[in-house]
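Once you've looked at the hints, dock chain A against the given chain Y.
Chains as they are written, first to last, in numbering that gives the first Met the number 0: chain Y, 0 to 216; chain A, 0 to 216.
Hints are computed from structural coordinates only; laboratory data are not their basis.
Hints are all accurate, no fakes.
Same chains, same names: a pair is fine if it fits in one copy or spans any two.
Below, a list of computed lysine to aspartate or glutamate pairs in the EDC-like style, where the Cα atoms sit at most 16 Å apart:
1. K213 - D151
2. K213 - D178
3. K206 - D181
4. K2 - E62
This is what each chain is made of:
2 protein chains.
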Amino acid sequence: MKKIGVLGTGAVGRTIGKRLIELGYEVKMGSRTSTNEKAVEWVNSNGENASAGTFEDAAQFGEIIFNCTKGEITLEALKMAGTGNFDGKTVIDISNGLDFSQGFPPFLTPQYANTNSLGEEVQKLLPGANVVKSLKIVNCEVMVNAAKSGGDPTMFVAGNNDGVKQEVISILNQFGWNDIIDLGDITNARGMEMMLPIWTRIYGATKNGHIAFKIVR
Amino acid sequence: MKKIGVLGTGAVGRTIGKRLIELGYEVKMGSRTSTNEKAVEWVNSNGENASAGTFEDAAQFGEIIFNCTKGEITLEALKMAGTGNFDGKTVIDISNGLDFSQGFPPFLTPQYANTNSLGEEVQKLLPGANVVKSLKIVNCEVMVNAAKSGGDPTMFVAGNNDGVKQEVISILNQFGWNDIIDLGDITNARGMEMMLPIWTRIYGATKNGHIAFKIVR
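Just chain Y, with the same shape it has in the complex (with noise of 0.2 Å):
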């Protein structure tokens, strides 16, 4: 079973990392210190296949490396964990930049919206590396687990490599998604990262964070 890095110490990369030690796979969350509490806490309650440590330590550690920072410091944290880490990895991007400056709900980050995207920049920054954005459209109870929004919704990938999309797409099996569309390569991160403010507004008008998008067709 292959060995996993989750960068990212937050509810998304707590979760995901759970789901994937119950699915049987090594696991070391990263973030600034190997001293992080939450992830301290996280790896005493995940059992002996659950490790923490650095940015550097996880990605270093990782066959696969699942980016679960906040896109504000996504970029900061993939320097720290150095780049060259990363190189002959998959990625899975799941990474979103919002603004909250103005309150609920945020914009994206300007500079990485609708003429460019996080996923497109994380790809730049690791070009050893198989990049592929996915799972970022819903919440991350509903991420590893599909069924909880009620129903059999979709989900997408992009990137640029057909192989490593494959190995994202057993993965996000494992997730209880059985329905995904692979919309082709990295740039078409764009076209997921711009759910976000649907689904912000979705949720402030149902209060429902465990909505998902099924594409009719």
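Coordinates of chain A only, in the frame set by chain Y:
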């Protein structure tokens, strides 16, 4: 039965107009000139309740007005129609500002995206009107026949007047939309307009123009 003005003679305007005629409404299609070829052909094939004229003619005629102009010319077209002609009326805004200057898929016109929307600009230009953003998250054949998607998809409305939104929802019901989420005020047009980038990419990946979105919940 109410009189409806339809601004724009493209596929969206003609399809919406035809369906409204079938539903028993009187419809006047508006364009730059009263002799627009597409409008004349549309009138000739849609019976006695169909007529055409200038943007101004259609705006004066309609108790409800559908804005089906391309986003790039929407504000100019509304000015040509005479902004006072919309006072006290319901305006259903189906426009999207798309920039094809770098090919397909297009990006959104930056000044109307993310921190703004065309729906909000239309409401600002027509302060006496009740603008409701809706429909432009699917292609025009699905707009007027939700089941054409192959399922029971979700539609959104956004606007400042609850009573007017109910009036619009009743038209959406006649178009076959049974699952409608009221997102709130017109600023929520931002979320809807930012769905275009994922629509164009799903279309690019699937070549299916009849896709629609179901919010699983």
